[in-house]
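Chemist: Between the sequences and the hints, there should be enough to build the whole structure, so can you do that?
There are 2 protein chains.
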Amino acid sequence: MSRKLTVSIDAMGSDAGPSMVVSALARALPRHPTVNYILHGDEAELTKLLGRRKAKLASRLTIRHAPRAVKMEDKPSLALRRGRDTSMWRSIVSVKDGEADVAVSAGNTGALMAMSMYHLGVLDGISRPAIACLMPSRLGQCVFLDVGANVECDARQLVDFAVMGEAFARAVLGLERPTVGILNIGEEEVKGNNEVRDAAHTLRNANLPIEFYGFVEGNDITNHTVDVVVTDGFTGNVAIKTAEGAAKLIATYLRGALKRSFTARLGAFLASGALKSLRSRLNPSAANGGIFLGLNGLVVKSHGGSDAFGFASAIDMAIDMAEGDVISRIRADQAGINAGREPDNA
Amino acid sequence: MSRKLTVSIDAMGSDAGPSMVVSALARALPRHPTVNYILHGDEAELTKLLGRRKAKLASRLTIRHAPRAVKMEDKPSLALRRGRDTSMWRSIVSVKDGEADVAVSAGNTGALMAMSMYHLGVLDGISRPAIACLMPSRLGQCVFLDVGANVECDARQLVDFAVMGEAFARAVLGLERPTVGILNIGEEEVKGNNEVRDAAHTLRNANLPIEFYGFVEGNDITNHTVDVVVTDGFTGNVAIKTAEGAAKLIATYLRGALKRSFTARLGAFLASGALKSLRSRLNPSAANGGIFLGLNGLVVKSHGGSDAFGFASAIDMAIDMAEGDVISRIRADQAGINAGREPDNA
Numbered sequence: 001m002s003r004k005l006t007v008s009i010d011a012m013g014s015d016a017g018p019s020m021v022v023s024a025l026a027r028a029l030p031r032h033p034t035v036n037y038i039l040h041g042d043e044a045e046l047t048k049l050l051g052r053r054k055a056k057l058a059s060r061l062t063i064r065h066a067p068r069a070v071k072m073e074d075k076p077s078l079a080l081r082r083g084r085d086t087s088m089w090r091s092i093v094s095v096k097d098g099e100a101d102v103a104v105s106a107g108n109t110g111a112l113m114a115m116s117m118y119h120l121g122v123l124d125g126i127s128r129p130a131i132a133c134l135m136p137s138r139l140g141q142c143v144f145l146d147v148g149a150n151v152e153c154d155a156r157q158l159v160d161f162a163v164m165g166e167a168f169a170r171a172v173l174g175l176e177r178p179t180v181g182i183l184n185i186g187e188e189e190v191k192g193n194n195e196v197r198d199a200a201h202t203l204r205n206a207n208l209p210i211e212f213y214g215f216v217e218g219n220d221i222t223n224h225t226v227d228v229v230v231t232d233g234f235t236g237n238v239a240i241k242t243a244e245g246a247a248k249l250i251a252t253y254l255r256g257a258l259k260r261s262f263t264a265r266l267g268a269f270l271a272s273g274a275l276k277s278l279r280s281r282l283n284p285s286a287a288n289g290g291i292f293l294g295l296n297g298l299v300v301k302s303h304g305g306s307d308a309f310g311f312a313s314a315i316d317m318a319i320d321m322a323e324g325d326v327i328s329r330i331r332a333d334q335a336g337i338n339a340g341r342e343p344d345n346a
Numbered sequence: 001m002s003r004k005l006t007v008s009i010d011a012m013g014s015d016a017g018p019s020m021v022v023s024a025l026a027r028a029l030p031r032h033p034t035v036n037y038i039l040h041g042d043e044a045e046l047t048k049l050l051g052r053r054k055a056k057l058a059s060r061l062t063i064r065h066a067p068r069a070v071k072m073e074d075k076p077s078l079a080l081r082r083g084r085d086t087s088m089w090r091s092i093v094s095v096k097d098g099e100a101d102v103a104v105s106a107g108n109t110g111a112l113m114a115m116s117m118y119h120l121g122v123l124d125g126i127s128r129p130a131i132a133c134l135m136p137s138r139l140g141q142c143v144f145l146d147v148g149a150n151v152e153c154d155a156r157q158l159v160d161f162a163v164m165g166e167a168f169a170r171a172v173l174g175l176e177r178p179t180v181g182i183l184n185i186g187e188e189e190v191k192g193n194n195e196v197r198d199a200a201h202t203l204r205n206a207n208l209p210i211e212f213y214g215f216v217e218g219n220d221i222t223n224h225t226v227d228v229v230v231t232d233g234f235t236g237n238v239a240i241k242t243a244e245g246a247a248k249l250i251a252t253y254l255r256g257a258l259k260r261s262f263t264a265r266l267g268a269f270l271a272s273g274a275l276k277s278l279r280s281r282l283n284p285s286a287a288n289g290g291i292f293l294g295l296n297g298l299v300v301k302s303h304g305g306s307d308a309f310g311f312a313s314a315i316d317m318a319i320d321m322a323e324g325d326v327i328s329r330i331r332a333d334q335a336g337i338n339a340g341r342e343p344d345n346a
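So the protein lines, in turn, are chains B and Y.
Just so you know, we're using the numbering used here here: the first sequence kicks off at 1 and counts up by one.
Just so you know, we're using the numbering used here here: the second sequence kicks off at 1 and counts up by one.
Accuracy of the hints is not assured; some may be wrong.
[Claimed, not checked] Pairs of lysine-lysine, DSS-like flavour, derived with a Cα cap of 27 Å: (1) B:Lys248 / B:Lys191; (2) Y:Lys276 / B:Lys259; (3) Y:Lys191 / B:Lys71; (4) B:Lys248 / Y:Lys96; (5) B:Lys75 / Y:Lys54; (6) Y:Lys71 / B:Lys191; (7) B:Lys191 / Y:Lys248; (8) Y:Lys259 / B:Lys248; (9) B:Lys96 / B:Lys75; (10) B:Lys276 / Y:Lys276; (11) Y:Lys48 / Y:Lys71; (12) Y:Lys96 / B:Lys276; (13) B:Lys4 / B:Lys71; (14) Y:Lys259 / B:Lys259; (15) Y:Lys259 / B:Lys276; (16) B:Lys259 / B:Lys248; (17) B:Lys276 / B:Lys248; (18) B:Lys96 / B:Lys4; (19) Y:Lys248 / B:Lys259; (20) Y:Lys276 / Y:Lys259; (21) Y:Lys4 / Y:Lys54; (22) B:Lys56 / B:Lys4; (23) Y:Lys4 / Y:Lys75; (24) Y:Lys259 / Y:Lys248; (25) B:Lys54 / B:Lys75; (26) B:Lys71 / B:Lys96; (27) Y:Lys276 / Y:Lys248; (28) Y:Lys96 / Y:Lys75; (29) B:Lys248 / Y:Lys248; (30) Y:Lys54 / Y:Lys96; (31) Y:Lys71 / Y:Lys96; (32) Y:Lys4 / Y:Lys96; (33) B:Lys71 / B:Lys48; (34) B:Lys191 / Y:Lys75; (35) B:Lys248 / Y:Lys191.
[Unchecked claim] Simulated DEER-style distance windows between Cβ atoms: (36) B:Lys75 / Y:Arg81: 27 to 33 Å; (37) B:Gly273 / Y:Arg81: 55 to 61 Å; (38) B:Glu187 / Y:Ser127: 26 to 32 Å; (39) Y:Ala44 / B:Asn207: 52 to 58 Å; (40) Y:Arg204 / B:Asp15: 24 to 30 Å.
Calculated from the structure, these hints are not laboratory results.
As the structure is a prediction and not an experimental result, all values here were calculated from the model.
Note that beta-carbon positions come from the ideal geometry of N, C-alpha and C, so glycine has one too.
Modeler: Next up, the structure:
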């Protein structure tokens with residue numbers, strides 16, 4: 001692209017409010033010295049929060065006033081009907097109009113997906129968009145989708161998710177030939193429901209440009225058995241929230257255990273640097289941003305309860321996606337998939 | 001019961017072999033001084049493993065020779081057709097014949113469920129049995145089912161799981177009025193698929209003797225929002241394995257972090273007692289035994305990769321279930337449910 005990469009930010013939608021978004025921006029700015037930003041939200045409030053930085057950043061940062069914000073409890077359908085003057089709506093319109101390359105919001109996920117579908121549309125050949133996230137794993141991180149956009153998924157959708165997840169892994173994680181697995185309750189071909197079996201059959205037998213591993217189980221996500229793990233949005237959402245809960249419980253156990261005796265407390269003090277680095281690796285705000293895949297435009301959802309650290313990670317992710325040109329890659333793969341599917345239809 | 005409580009043990013089915021089972025028995029024996037045991041398996045091998053203990057335990061321990069063992073990779077249908085002379089088969093027959101109160105096996109889960117259904121049958125009014133497990137939680141542990149017996153579940157089955165899980169929580173966890181939630185991807189009534197919505201409708205509106213909380217999310221399991229969490233066997237299996245994987249990854253991070261510097265290593269040494277107690281709380285072998293619910297007899301599945309510690313926990317659980325008379329409680333609740341359902345059918 002000829003102009004500089006531009007990120008459109010919904011500054012109002014998060015639980016933590018616009019001050020968190022402004023702190024996140026302060027973290028992101030030095031990391032990406034050539035990227036520009038459009039902040040959508042309450043102009044007076046944002047101007048105040050930016051303070052002296054506003055003048056300094058004038059060449060890279062534009063504030064666009066939006067009088068309202070989508071609330072966390074708003075129904076997606078209602079938000080879509082009455083959302084025209086919200087910061088979320090306008091942050092997506094910036095992408096639609098081509099003045100930004102990617103939108104980032106920490107707001108209501110359902111409303112963000114509904115508005116994204118309305119404005120950007122779904123990619124040709126993809127039945128429904130999905131939300132992907134990066135799960136921490138033994139080898140770094142792996143791509144996991146769908147984590148909540150589609151409660152029930154047929155085999156065709158699961159195959160689409162495989163295509164989208166694989167393209168994302170190449171574009172953003174820089175993997176040349178990522179491996180893909182379908183989440184199941186056993187590795188054997190006979191396990192699971194019809195949807196996962198049919199999807200596996202297509203991925204195994206059609207002439208697709210995908211390194212399909214087969215079925216994987218829940219523990220294979222953190223064990224990094226494959227680079228991309230595909231599942232329906234119900235199972236995926238439950239899985240990430242259960243893992244998050246487990247991590248939180250372990251952190252509680254650990255704090256409790258290390259407070260129990262004087263030597264344990266002393267030990268915890270000496271090991272505090274190491275334990276702090278552990279906490280940052282487990283930080284769910286770093287991992288659990290949602291990446292919208294399958295749309296004709298780029299949108300990243302930062303975790304609703306996200307802090308500035310998490311929102312800044314979501315901005316990083318948004319920039320990686322725009323630079324990696326995820327959409328063109330999905331489009332090319334999708335064309336390959338349809339070519340590969342033809343023998344089945346003949 | 002007039003005679004002493006008796007546990008029937010499949011000594012051969014585990015990955016770790018019969019020596020693990022014998023070590024587990026050595027742990028369990030002093031904890032339950034009045035309980036008797038029947039060990040099914042290779043008589044020569046078991047006699048050798050028991051050594052001098054055999055004569056000492058003669059009044060409490062019987063060995064029953066079984067020439068074969070079900071293998072982990074055997075298909076359940078095949079194991080059922082050709083399993084007559086296996087230690088697993090015979091351990092269940094001991095329960096069927098009334099010479100034991102409960103069976104414990106660390107073998108092939110599918111084969112164990114198939115044989116249990118064949119010999120013991122399903123309780124009247126229950127459509128399909130389920131496998132429950134105890135998940136570690138902020139307040140101790142909560143009951144989670146189904147974790148793998150039923151890949152697809154309709155609303156009726158989910159209601160059955162609620163009944164069975166609640167009865168189990170009263171019988172074994174000693175809770176007077178356990179709360180029950182259905183796992184979903186949001187707390188709102190409109191979320192999720194038809195099955196969870198219909199099951200919630202029944203539990204909310206029919207006149208059932210169950211403290212129904214409503215929908216819960218994945219992180220509510222460890223957060224102990226309710227005492228019993230109900231889901232289908234696909235989602236449940238993925239959830240426990242994902243949580244197990246997360247716990248394992250965190251342990252790896254922790255070990256790595258505490259080895260990185262001299263002060264961290266010294267700290268870890270001083271805190272080693274505390275960290276050891278943490279490890280034992282996270283020990284999946286203690287938590288992940290599978291409890292078969294909905295059968296006309298009691299069967300406990302110890303984790304396949306279980307060590308003696310885990311298998312001994314499964315024996316503890318089996319004894320708790322027999323003493324708590326889980327089956328009578330499920331039967332009584334089920335009768336109440338059917339009475340409560342009548343207005344719907346009228």
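Chemist: Would you pick out the hints that fail for this structure and give their numbers low to high?
Modeler: 1, 4, 5, 12, 13, 23, 25 and 36
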